[in-house]
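*Asks:* With these hints in hand, go ahead and build the complete structure from the sequences.
Residue numbers (the working numbering), protein chains in the order written: chain L, 1 to 261; chain F, 1001 to 1305.
The hints are simulated quantities; they were obtained by calculation from the structure and are not laboratory data. Here a beta-carbon is modelled for each residue, glycine too, at the ideal position from N, C-alpha and C. You can take every hint at face value.
Reference excerpt, derived from the structure (chain F facing chain L, CB under 10 Å, subset only):
no.	residue
1	1024
2	1030
3	1031
4	1065
5	1072
6	1270
7	1275
Restraint-style ranges between C-beta atoms, simulated for each label pair:
no.	chain 1	residue 1	chain 2	residue 2	range
8	F	1119	L	237	28 to 38 Å
9	L	163	F	1037	49 to 59 Å
10	L	27	F	1084	26 to 36 Å
11	L	220	F	1142	21 to 31 Å
12	L	168	F	1225	52 to 62 Å
13	L	208	F	1283	53 to 63 Å
14	F	1037	L	87	24 to 34 Å
15	F	1178	L	204	53 to 63 Å
16	F	1229	L	8	40 to 50 Å
17	F	1215	L	138	38 to 48 Å
Stretches of chain L that chain F covers, calculated by requiring three or more beta carbons in the stretch to come under 8 Å of a beta carbon on chain F:
no.	region
18	1–15
19	46–55
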Amino acid sequence: MLTDELSSVISNSDIGGGYRFLLLDAPQLASKLQPGQFIHVRVPGLEPSALRRPFSVFDAKDGVVTVLFKVVGRGTKVLAQAGAGEKVSVLGPLGHGFPLSGVGAPLLVGGGFGVAPLHFLARRLGERKGILFIGGRTEKDLLAIDRFEALGWDVRPATEDGSMGYKGFVTGPLDETLEGFKRFNGKYELFTCGPDGLLKAVSDRAVAAGMPGWISMDRHMVCAAGACYACIQRTRLPDGSVYNARCCVNGPVFAAKDLVW
Amino acid sequence: MVDLSVKLAGLDLPTPVVTASGTFGYGAEYLGALDYSKLGAVTAKGVRLDPWPGNPMPRHCEVYGGLVNAIGLQGPGVKDFVKYFLTHFRRETGGSVKMIVNIWGGSEDEYAEVASRLDGVEGVHAIELNVSCPNVKEGGHTFGQDPVVLSRLVKKVRAATKLPIIPKLAPNVPDIGVYARAVEDAGADAISLINTIPAMVIDIERRKPVLGNRTGGLSGRGIHPVAVKCVYDAHKAVKLPLLAMGGIYEPEDAIELMLAGASAVAVGTATFSDPSTAARVCDGIAAYCERHGFASVRDIVGLCS
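*Replies:* What follows is the structure in C-alpha cells.
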C-alpha cells in the first residue's frame, strides 16, 4: 500500500564532493520503510509536471527519512536548493528491499552514494554486524564511514587514487576476505549498491561461490509504482526463461542468481 | 451536489474520470496513493494473446513539456491477465471499480481472439482497441492508419464479443473525423482519443537515438492542445460518446476536453508526477459545474460553440 506523504525538509546539507544529506520530516514513511526500499520525490521548484526522482533511503526512524544524494542532473540540482520547512511530496514505500533474515556474515559492498541503503541495512541488522567494503575514485567518494563505525561495523575502504585505504578497486580487499571465508568454509551473504560495474562484480562473486547475493539495481524511473514498465531488469525465471522484471516492484534488490546481465 | 455520473459505451460510470492505458498498470498498483472512489473506471495496460516482452531499454525519455515512451506493450498475455492481474485488481478493490481492458494483436484474428477470451469475464466491462500505439512494429498503429483496415478490424471484433468496444484513435492523421466515422459505422460503442504522438529523442554526444526502440510516443503537457482539436473534430463527425485524453494535469484541462465534446476523460502521464491527479480532476470538474450552475456533468459535454 502506497502513501504520498507531504513531508517537510528538516535540513539539506552539503557534505562535500557534490553529495548532500536531506532529512525529511515524514512520520508515515519513516515507520514503514524497510532497508533497500526507495522513495519517489516530487522536487520542489521543478515544474509540477516534471517526473519525480527516485532516491534510496539512508535511514528511516523516529519520524525522519534521511536521503543521501549526489547532484548529477537538473532534478538533483534543484533539490539541492530545498530549504528547511519546504514541503516535499514523497511517494513510498517502494520496491523490494534487502532481506534481514539470512544467516552468514553480512558483507556489504558499496560505492559512492550506493552506501545509502547499506547504512539503513547495517543499522537494522542490529547485532548481526559484519564488514563494509567501501570504494570510490578518491577519499571524497567514501561517504558516511563514521556512521558505519558508530554502528560497530568493520569498514574496509578502497580508493583508486590511494587517498584512503587500499589503492585500487574495492574488489581487492573483498576478494581477500572471500578467500578467507572459502578456506575456513565460512558462510556469508553479500549485499551491494553502487555503480553498475561494482554490482556485476559482486553478483558474479556471489554466484560463483554459491552464496546469497543481494544486488540493488539502479534505473531511471517513471512511475516507480509498477504501473508503467519503463524500468526493466532482465531476470531468470525458475523454468529458465528470461523475464523483464520491474526494478521498482520486483527490485530494486534482486537475488544475484536471478539476474541476467 | 453535482451529478458526476456519465454513460460511456453503454456503461454507467460513477465519475467522468478514468485512468489511461499504460499509465496505471492493471489497476491495483496505485492503491493508497489516490482515492479510487473518484474514478469512473481504470484502463488496463495493453494485452495481446500471448505474453509479450516489450522493447529494449531505455524505454522512456523525459522531455520539455512531456514524456516520450517506447515501452512496447510488455504484457502477460490474456490468459495470465485474467488469472492473475484481473483477479488481484478485483480482490484489492472489492470489485468496486470498473475496468476497461486495452487489447491489441498482430492480426485482425488476434484482436478478435483476445476480445472473445474476455467476453463474459467477470470484472471486464469494456474493450479499448489499441490501433494507434506507435511503439510496436507489428499490429497496433498500422491498423489505425487506414480507415478501411480499421473499419474491417472493428467489425471483426464486433462479431467476436458482446463487450462494449472503444477504438483508441491516433492524433497523427490528416482528418480524424474520417476514422471516427469509420469506427462508428463498423459498430464501435465509443471512441477514445488521443494516443501518443510519434516522437524521437537523439543523444547528441553519442549521436544515437536515446530510446531502445529508436522512436516512441509523446505524451503529457505538450500534446493537450492537439487532443482538444482532435476531440472537437471527432465530436463534429460522430454521435458516439468520446473518452478524451492527452495532457490532463489540472481540472481545466479535462473541462476543455469535455467542452470540446468528450463525455469522459482519462488521466495518464500526470499520474506519474502526482498520483492524486485523477481524483483532483474529478473534484475540479464538480466544482466547475457547481460554480456555473450545471446540475450534471453531462450538461457541459460539447458546449464549446
